[in-house]
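*Asks:* Sequence:
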Amino acid sequence: MMPKVMGQKWSVCVCVCVFWVLQMKNSVGTRGQGEEPAAKPDHSEWNQVYLAVVSVLLGPVLLVLLDGCSAVEPGRLWAESDGVGVALWDWTAFTIVVIFTVLQGALYYLPVGQVVEGKMGNQEKRLKYSLNGLHAFGVCVVLLVGAWQGGWLVAGSVTGRVLPLVSAGCAVALLISVCLYLRPDSAHSHENTTGGFLQDFLLGREADPRLGKIDVKQFAMVRIGFIGWGLMDVCYVLRGVESDSVSSALLLTTTFQLVYILDFLIDEDTVLDTKEFMEDSIGFLMVLGEYIWIPFFSSLPVYFLLQRPNHIHFLSAVPVILLFGFGFLVYYLSNEQKSGFRRNPHNPAYSRLETIRSPSGRNLLVSGWFGWVRHPNYLGDVVMMLAWCLPCGFCSVLPYLPALQCFNLLRKRSTEVEESCREKHGSAWAEYCRRVPYKLIPYIY
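Those letters in the sequence shown? Residues 491 to 935, per the numbering used here, in order.
Since the hints were derived computationally from the structure, they do not count as laboratory data. Fair warning: this is a prediction, and the values are worked out from it, not measured in the lab. Positions of the beta carbon are idealized from the N, C-alpha and C atoms, including for glycine. One or more of the hints may lead you astray.
Unchecked claim - With a straight-line Cα cutoff of 30 Å, these simulated BS3-like cross-link-like pairs (lysine-lysine) come out:
1) 902 with 609
2) 828 with 929
3) 615 with 914
4) 765 with 615
5) 902 with 703
6) 914 with 929
7) 828 with 609
8) 615 with 828
9) 914 with 609
10) 609 with 703
11) 914 with 902
12) 828 with 765
13) 929 with 765
14) 618 with 929
15) 615 with 929
16) 703 with 618
17) 765 with 703
18) 703 with 914
19) 609 with 765
20) 929 with 703
21) 929 with 902
22) 703 with 615
23) 828 with 902
24) 618 with 765
25) 914 with 828
Stated by the list, open to error - Now the in silico label distances, taken between C-beta atoms and shown as ranges:
26) 862 with 841: 18 to 24 Å
27) 702 with 912: 38 to 44 Å
28) 603 with 647: 29 to 35 Å
29) 542 with 628: 17 to 23 Å
30) 633 with 665: 20 to 26 Å
31) 581 with 862: 51 to 57 Å
32) 600 with 829: 24 to 30 Å
33) 674 with 540: 26 to 32 Å
All chains should be built: construct the whole structure from the sequences, respecting the hints.
*Replies:* This is the structure:
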């Protein structure tokens with residue numbers, strides 16, 4: 491007999507599980523540009539039991555959250571159990587995940603886009619990365635919509651298998667992680683290994699594993715995570731068209747998320763500067779997060795609106811659109827200001843910006859976006875995610891969980907980055923914090 495999910499029986503358990511997952515230090519589902527590198531990862535801070543709990547609960551928590559979206563009565567968090575469960579596995583879902591993975595691997599070799607050099611590899615040579623994620627996403631959307639329009643694909647056959655797709659993602663992530671762990675020792679960078687099986691398997695033994703020209707970490711983060719997220723959003727909309735249940739809220743939330751994803755893919759090179767990419771090894775937790783957490787948890791508000799259509803009035807939509815636009819501008823412009831100033835601080839465009847000279851020889855911006863809060867790009871991220879949750883209404887906390895997780899992770903990341911800056915810039919950083927007292931939210935936090 492297939493495994494079953496009974497929503498009401500899980501309600502108390504999932505609240506505890508969500509708390510644990512929201513405390514995850516593996517910050518999947520967030521992004522940043524040009525971050526100050528934090529201290530090198532210290533695997534000793536990971537408790538063995540904690541690691542085991544997170545790795546075991548990540549999949550089941552997501553399954554329960556998705557199952558909770560199908561509640562039939564507005565205002566109820568969990569559907570009443572009627573004795574009929576939901577299958578958690580089928581081989582069609584596994585085939586879909588495998589085909590998607592192989593397709594992304596093939597599209598990585600598209601002869602389009604830039605090839606850029608990144609950090610130094612094990613052989614003291616700079617690693618090269620193909621930046622054609624936007625083209626790969628475009629090809630996938632054309633194939634998906636074309637197959638649907640031609641009658642070869644029913645979107646409901648995908649969206650109706652969301653739970654088995656999560657299970658299949660867990661299985662494929664496990665297979666990939668086993669392969670990474672079993673790679674010959676000569677292929678590994680040992681700086682992040684601990685010698686313990688559990689930590690090395692879950693957190694990874696190697697920072698930059700490669701399969702041919704494919705950088706596995708970039709492949710997982712961009713091609714599996716973000717492209718998978720975008721394709722699930724498209725599938726949800728197509729399913730809404732099939733069932734004649736496309737609501738204004740569904741279109742609004744999907745549009746916001748696709749804008750966010752497209753911006754990420756257009757600036758794909760920014761992932762190469764993130765803390766996770768520069769420092770962390772890739773193990774089961776990271777692979778699992780990219781296969782299930784990014785595509786399915788991040789798209790939870792869209793899936794929720796597919797299950798519980800919510801039509802919002804134009805006058806209600808306008809402030810939500812303005813909120814998202816504000817968040818996007820804060821995120822984009824603050825990153826542009828920071829990146830541009832780092833590349834060329836003598837650019838006349840930055841001549842009016844006030845700076846503080848650091849003992850490290852660098853100048854710290856203390857005006858402009860970074861005179862408002864210390865991490866305006868993180869603030870923009872949180873505001874955008876809040877904006878695409880609001881069309882879901884207030885009948886359930888479920889669609890707001892991605893925004894809450896984002897805030898929690900960015901709050902932790904800002905603390906880590908500031909500890910590094912305090913060590914690097916000394917008294918200059920203390921003066922900056924005195925003049926700009928708020929980390930994320932002006933006058934609040």
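*Asks:* Now tell me if each hint is right for this structure.
*Replies:* We went through each hint and held it up to the structure:
1. 902 with 609: Roughly 25 Å between the alpha carbons, so the hint for residue 902 and residue 609 holds.
2. 828 with 929: The hint holds at about 16 Å.
3. 615 with 914: Holds, at roughly 27 Å.
4. 765 with 615: 20 Å, holds
5. 902 with 703: Not satisfied, since the Cα-Cα distance of roughly 34 Å exceeds 30 Å.
6. 914 with 929: 18 Å, holds
7. 828 with 609: Satisfied, since the Cα-Cα distance of roughly 20 Å is no more than 30 Å.
8. 615 with 828: 27 Å, holds
9. 914 with 609: Given that 30 Å is the threshold and the Cα spacing comes to 20 Å, the pair holds.
10. 609 with 703: 15 Å, holds
11. 914 with 902: 19 Å, holds
12. 828 with 765: With a Cα-Cα distance of about 16 Å, the restraint between residue 828 and residue 765 holds, given a limit of 30 Å.
13. 929 with 765: 18 Å, holds
14. 618 with 929: Between residue 618 and residue 929 the Cα gap is close to 34 Å, so the pair fails against 30 Å, i.e. violated.
15. 615 with 929: 37 Å, violated
16. 703 with 618: Within the cut-off at roughly 8 Å; holds.
17. 765 with 703: Holds - the C-alpha atoms of residue 703 and residue 765 are around 22 Å apart, at most 30 Å.
18. 703 with 914: 35 Å, violated
19. 609 with 765: 12 Å, holds
20. 929 with 703: 39 Å, violated
21. 929 with 902: The hint holds at about 11 Å.
22. 703 with 615: With a Cα-Cα distance of about 14 Å, the restraint between residue 703 and residue 615 holds, given a limit of 30 Å.
23. 828 with 902: With a Cα-Cα distance of about 21 Å, the restraint between residue 828 and residue 902 holds, given a limit of 30 Å.
24. 618 with 765: Distance ~18 Å between residue 618 and residue 765 Cα, so the pair holds.
25. 914 with 828: 17 Å, holds
26. 862 with 841: 18 to 24 Å: With a Cβ separation near 19 Å, residue 862 and residue 841 satisfy 18 to 24 Å, so the hint holds.
27. 702 with 912: 38 to 44 Å: 42 Å, holds
28. 603 with 647: 29 to 35 Å: About 31 Å separates the Cβ atoms of residue 603 and residue 647, which means 29 to 35 Å holds.
29. 542 with 628: 17 to 23 Å: 40 Å, violated
30. 633 with 665: 20 to 26 Å: 24 Å, holds
31. 581 with 862: 51 to 57 Å: The hint (51 to 57 Å, Cβ to Cβ) holds, given that residue 581 and residue 862 are roughly 53 Å apart.
32. 600 with 829: 24 to 30 Å: Since residue 600 and residue 829 have Cβ atoms about 26 Å apart, the given range 24 to 30 Å holds.
33. 674 with 540: 26 to 32 Å: This hint holds: roughly 30 Å between Cβ atoms.
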